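Based on the provided sequences and hints, a complete structural model is requested.
Next come the chains, spelled out residue by residue.
2 protein chains.
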Amino acid sequence: MDFTELLKRRTIRFFEQRPVSRELLDRMLEAAALAPSAANRQPLRYMVVETAETVLRLLRVSKYGGYVAPERIPEAGKTGPMAFIALYAKAEELQSTLYADAGAAVMSMEFSAWENGLGCCWVGAFDKTAAKRILNLPEGDEVLFLLALGYPAEHPQVERIDEQESIRYYLDDAKELHVPKHKVSAIAKYC
Amino acid sequence: MDFTELLKRRTIRFFEQRPVSRELLDRMLEAAALAPSAANRQPLRYMVVETAETVLRLLRVSKYGGYVAPERIPEAGKTGPMAFIALYAKAEELQSTLYADAGAAVMSMEFSAWENGLGCCWVGAFDKTAAKRILNLPEGDEVLFLLALGYPAEHPQVERIDEQESIRYYLDDAKELHVPKHKVSAIAKYC
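Going down the list, the protein sequences come from chains H and R. Mapping to this note's numbering: the first sequence position 143 is 143, numbers consecutive. Mapping to this note's numbering: the second sequence position 134 is 134, numbers consecutive.
These are calculated hints, taken from the structure and not from any lab test. No incorrect hints appear here.
Which copy? The list can't say, so a pair holds if one copy fits it or any two copies do.
For lysine to any residue, the following SDA-like pairs were computed, each having C-alpha atoms within a straight-line distance of at most 20 Å:
1) K8 - Y151
2) K175 - H155
3) K189 - N136
4) K128 - S96
5) K189 - D26
None of these values were measured; they are calculated from a predicted model.
And the structure:
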C-alpha cells in the first residue's frame, strides 16, 4: 500500500469482533520501535492487551468519541476493540519530548495497522490510575496513551475545511462518521 | 513505496544541495493536515522556509546531532538542509496533547518525505525566541519544532539493540552513521 493510501487512515471507534493476529501486533510494535525519539533515548514502553477481560476493563476506564457520544461509544462484544496497546514510561520521563515521541510512535503504529486492514483509536482521555492498576505497572511508571485497535466496522469520511469552520466530527443521517480536517491552505504558509 | 520501505526512514543531517519542489513540500503539509489530533482540534500551524538566507538563520540557532558533533553538524551551502518546516501554535495550546499532535504530524511528514526521496531531521533543540523572531511570528505564538529537510547526502544504518545497550548513535571509521534502535523484545510485552 503506498503512502497516498495510508493517508486515507482515519480513527476507528467501532470494530469487527474477530481477533487480531500476533503477527500484525508485532508489526505495529516494530513500527513503534523504529520511530524517531528525542536524542534517540527511546524511553517509551509498550504493553499489549489481548484478553477479552482486560480489554473490557480498559474500555470501561476510557472515554472517547466526545462529539459523537453516545452513538460511537464502543460496546464490548459488539463493537469494542479487540486489543489495546498501552504506551507507558518512567514517571520522571514525563515531559514534552516524551509526548512528542509518543505521537510519532502512535502515528507509525497507526500506519502499520492501516496497511494490514486494521484501524485504531488513539485514546488520551482515560483514568490513568485505573489503567496503571489494570496493567499491573510498578509504582514508578505512568501510562501516557492507549491505542484501541481491531478490524474496522465503520468507514469514516474526511471533509476538508477552511480555518474558521467547525472541527467537530459528526454522524450523518445514515450514522456514517464525517471528520473535518483543515485544508493545507488553512494551516500552512510559505515565508 | 510500501510501509516496510517507509520504515527504513532514518534521521538525515547531511543534505544534497539541490532544491526541493513546492509539490513535495505541499505533499508533506498534506500528510501533516491529515494526522490525528486530540479531540480533532488541530491547533498546529506550519511555516515553510525555503529561502537560503532564512534557512541559514534557522540553522544557526539550531543544535543537532548531539552524539556525533561536530562531524555531523551541517554546513550551509555544503551539507545544510534546503528547507525547514516550523511547527507552531498559540502559546495557550502548549500542553502534552499538543506535543503528541506534533509528534504524529512530524512522523506523517517524515514518511511523506521519505516516499519521495527526501530525508528530514526533527529538531527540538533550538533557540525558540530567536526562531520566533526569524519566522516573524506574532507575540502569542510559540515554535514547537523545526523539521530540516532535503535530499539525503548520508545513509544512516539502523542497529537493533537489547534494553541495556547504548542508544548513542555513532560514526564508524568510514564516517557512516549507525543508529541503535531497541528490538521489540526490549520495549514491549504482552499481558
